[in-house]
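J.: Those protein sequence lines, which keep their order, are chains W and R. Under the numbering used here, the first residue of the first sequence carries the number 1, and numbering increases by one thereafter. Under the numbering used here, the first residue of the second sequence carries the number 1, and numbering increases by one thereafter.
If you're looking for bench data, these hints aren't it; they were derived computationally from the structure. Cβ atoms here follow ideal geometry from the backbone N, Cα and C, with glycine treated the same way. Take these hints with a grain of salt, some might be off.
[Claimed, not checked] Per the computed footprint, the stretches of chain R lying under chain W, defined by three or more beta-carbons under 8 Å from a beta-carbon of chain W, are: (1) 25 to 31; (2) 125 to 135.
[Unchecked claim] Going by beta-carbon spacing under 10 Å, a handful of chain R positions derived as facing chain W: (3) Leu-35; (4) Leu-119; (5) Leu-140; (6) Ser-148.
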Amino acid sequence: MSLLANTGVLLGKELKTEFRSRELLTTTIIFVIIVLVLFSFTFDPLSDEARRFGSGLLWLAFLFAASLMLQPCFLREQTNDTLSALRLSVSDPFAIFLAKLAANTLFLMVMELLLLPVFAVMYSVTVLGVLPWLVLVFFLGSLGVSIAGTALSSISAQARMRELLLPLLLLPMLTPILIASTEVTAALLDRSPYVLWKGIGFLVAFDIVFLTALWLFGEYLLEE
Amino acid sequence: MWKRAIFAAIVVSLMGAAAYASFFVAPTERTMGTLQRIFYFHAAAAWAGMTAFSVTFVANLLYVWRRQPRWDSLGVSSAEVGLAFITTVLITGPIWAKPAWGIYWTWDARLTSTFVLWLLYICYLLLRTLIEEPDRRALLSALFGIFSFLDVPLVFGAIRWFRTQHPAPVIMGDPNAGLNPVMKATFFFSVLAMHVLMVFLIMERNRLEKLRFEVDVIRHELEVA
Numbered sequence: 001m002s003l004l005a006n007t008g009v010l011l012g013k014e015l016k017t018e019f020r021s022r023e024l025l026t027t028t029i030i031f032v033i034i035v036l037v038l039f040s041f042t043f044d045p046l047s048d049e050a051r052r053f054g055s056g057l058l059w060l061a062f063l064f065a066a067s068l069m070l071q072p073c074f075l076r077e078q079t080n081d082t083l084s085a086l087r088l089s090v091s092d093p094f095a096i097f098l099a100k101l102a103a104n105t106l107f108l109m110v111m112e113l114l115l116l117p118v119f120a121v122m123y124s125v126t127v128l129g130v131l132p133w134l135v136l137v138f139f140l141g142s143l144g145v146s147i148a149g150t151a152l153s154s155i156s157a158q159a160r161m162r163e164l165l166l167p168l169l170l171l172p173m174l175t176p177i178l179i180a181s182t183e184v185t186a187a188l189l190d191r192s193p194y195v196l197w198k199g200i201g202f203l204v205a206f207d208i209v210f211l212t213a214l215w216l217f218g219e220y221l222l223e224e
Numbered sequence: 001m002w003k004r005a006i007f008a009a010i011v012v013s014l015m016g017a018a019a020y021a022s023f024f025v026a027p028t029e030r031t032m033g034t035l036q037r038i039f040y041f042h043a044a045a046a047w048a049g050m051t052a053f054s055v056t057f058v059a060n061l062l063y064v065w066r067r068q069p070r071w072d073s074l075g076v077s078s079a080e081v082g083l084a085f086i087t088t089v090l091i092t093g094p095i096w097a098k099p100a101w102g103i104y105w106t107w108d109a110r111l112t113s114t115f116v117l118w119l120l121y122i123c124y125l126l127l128r129t130l131i132e133e134p135d136r137r138a139l140l141s142a143l144f145g146i147f148s149f150l151d152v153p154l155v156f157g158a159i160r161w162f163r164t165q166h167p168a169p170v171i172m173g174d175p176n177a178g179l180n181p182v183m184k185a186t187f188f189f190s191v192l193a194m195h196v197l198m199v200f201l202i203m204e205r206n207r208l209e210k211l212r213f214e215v216d217v218i219r220h221e222l223e224v225a
């Protein structure tokens, strides 16, 4: 499978670039902490309300952070025109997308898992009992965000005002992810897992739809 | 020229007849009275807007496949016209909702997904203004249009399944649920009129886009010369 082999190599390159500087992770983690602190001033974070709003806030913060984090994904390739080199080196351009979206999913997961304890302490929610489920929701949600985000960041990188454009293109498109992840997370933190499967099924469906679209149309996104 | 004038006359008379029918022919609804008549514009515009966006989707797919500028031109024309119709829907909806439901806006699946749809197509047009090169603009905006169109059913499904506390939209719930035959006829006549108007607007807008394209080509030739 040359697609998987190519993806593996490219993923290694993405990870190496990021972990050399850890710029993306540090900035987005600090950004999310700031957002969580600022949110806490808009209502009483230790009341029962907080339990209802908490998961929504958390996901909103994640989405905003993702719209920042996905920014350099293709922009970074432009400075030295490395994208042309990438395109020449792989047989299937889908491998470029797969590697980038896998790396982005991983970065988002790292960021989310590092911030989960901070959130739990600040908003006084217990997460330990449902941790495996939360990890699954974080994974499916982040995967969806990364699939749509990687595709759209390759579009925004080719336009003017690119820094401003990506959140505009991405955030409305992520509405389904926000709704489903928030509901599942809220149900988990509330210990009423009745919407759980529906939500997880929905996230899987979103991921499949967008991954298929990216697979079908990805090569056109990278055309010269 | 004559063709366009005749088409315009047809559109005006159809819209006039639809307006007449919805004000004077259709019977007054029992519980909501005259207020219900806005439905003939509101829902008909929604249907026409959705059709226009479907045209955009097909044009986007055709552009990616065939790479002919006319599909790009059709895509932007139908997106703009669809946006105009959906804007009408988003304005007439609250006008009806305030007296009927007591609130201007509720976060129900249909309303919210229409609003997200509206936002996505605003972004589609915005994206087009931010890419200079015509071929790249056409391709990238077509791809964004395709992704947006795929997103809409997901938005609707997500709100439907997870935000279930919405007040049931009685009137919009099912247009055929025991609807008076005259009302039904008026409604479908309005839908027809709106669709003819939509086709007319798309054709006019498309013509404009073609002229603009020709001007660009001529200007480019002059600059080169």
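J.: Are there hints from earlier that the structure breaks, and if so, what are their numbers?
T.: 1 and 3
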